[in-house]
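Undergrad: Using the sequences plus the hints, can you model the full thing?
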Amino acid sequence: EREREKKKKKKKKKKKKKKKKKKKKKKKKKKKKKKKKKKKKKEEGEGEEEEEEERRRKRNKERRKKKKKKKKRKKENKREREEKEKEKEEKKKEKEKEEKEEKEKKKEEGRRKKKKKKKGSRRRRRR
Numbered sequence: 004e005r006e007r008e009k010k011k012k013k014k015k016k017k018k019k020k021k022k023k024k025k026k027k028k029k030k031k032k033k034k035k036k037k038k039k040k041k042k043k044k045k046e047e048g049e050g051e052e053e054e055e056e057e058r059r060r061k062r063n064k065e066r067r068k069k070k071k072k073k074k075k076r077k078k079e080n081k082r083e084r085e086e087k088e089k090e091k092e093e094k095k096k097e098k099e100k101e102e103k104e105e106k107e108k109k110k111e112e113g114r115r116k117k118k119k120k121k122k123g124s125r126r127r128r129r130r
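The opening position of the sequence shown corresponds to residue 4 in our numbering, with each subsequent residue numbered one higher.
Each hint should be verified, as a subset may be incorrect.
As the list claims (entries may be wrong) - Here are the simulated DSS-like cross-link-like pairs (lysine-lysine), alpha carbons at most 27 Å apart as the crow flies:
(1) Lys21 - Lys31
(2) Lys26 - Lys42
(3) Lys27 - Lys16
(4) Lys61 - Lys77
(5) Lys116 - Lys103
(6) Lys61 - Lys28
(7) Lys28 - Lys18
(8) Lys27 - Lys38
(9) Lys61 - Lys35
As the list claims (entries may be wrong) - Per label pair, the in silico range of CB-to-CB distance:
(10) Lys103 - Glu65: 51 to 59 Å
(11) Lys29 - Arg62: 43 to 51 Å
(12) Glu86 - Lys110: 34 to 42 Å
(13) Glu51 - Lys9: 43 to 51 Å
Keep in mind the hints are simulated off the structure, nothing from the lab.
Beta carbons are placed, not taken as given, at the ideal position from N, Cα and C, and that holds for glycine.
TA: This is how it looks when you write it as structure tokens:
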């Protein structure tokens, strides 16, 4: 049974490949036909405005492509900039936190020293 399924799958794959090949051939044929038509029209003398149209279409397509690329690049740059900004902000916060902790530590140490001094001076006074 498994072998039968394998064979079926293989057949399907082959069919798909054949279909793809056929499609490609059709496309090529269409292109050739179009070229022939163009040539014929050119010979008759009315292909010039069509050629101009074709050129314009191509130019527009290129322009659209460039615009799209530019937009994409802009978006990417914006995203990178925002990420950098975020990182900067995080670093700043981290630094502030560390400084705060350091201050607290110093304060605590200062308090401890004061306490020790006070105790010592009290003892001296009693004597």
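Undergrad: The structure should be examined with respect to each hint, and the outcome stated for every one.
TA: Going down the list of hints, with the structure as the test:
no.: 1; hint: Lys21 - Lys31; result: holds, 15 Å
no.: 2; hint: Lys26 - Lys42; result: holds, 24 Å
no.: 3; hint: Lys27 - Lys16; result: holds, 17 Å
no.: 4; hint: Lys61 - Lys77; result: holds, 24 Å
no.: 5; hint: Lys116 - Lys103; result: holds, 20 Å
no.: 6; hint: Lys61 - Lys28; result: holds, 24 Å
no.: 7; hint: Lys28 - Lys18; result: holds, 15 Å
no.: 8; hint: Lys27 - Lys38; result: holds, 17 Å
no.: 9; hint: Lys61 - Lys35; result: holds, 19 Å
no.: 10; hint: Lys103 - Glu65: 51 to 59 Å; result: holds, 57 Å
no.: 11; hint: Lys29 - Arg62: 43 to 51 Å; result: violated, 28 Å
no.: 12; hint: Glu86 - Lys110: 34 to 42 Å; result: holds, 36 Å
no.: 13; hint: Glu51 - Lys9: 43 to 51 Å; result: violated, 59 Å
Of the hints listed earlier, those the structure fails to meet are numbers 11, 13, in rising order.
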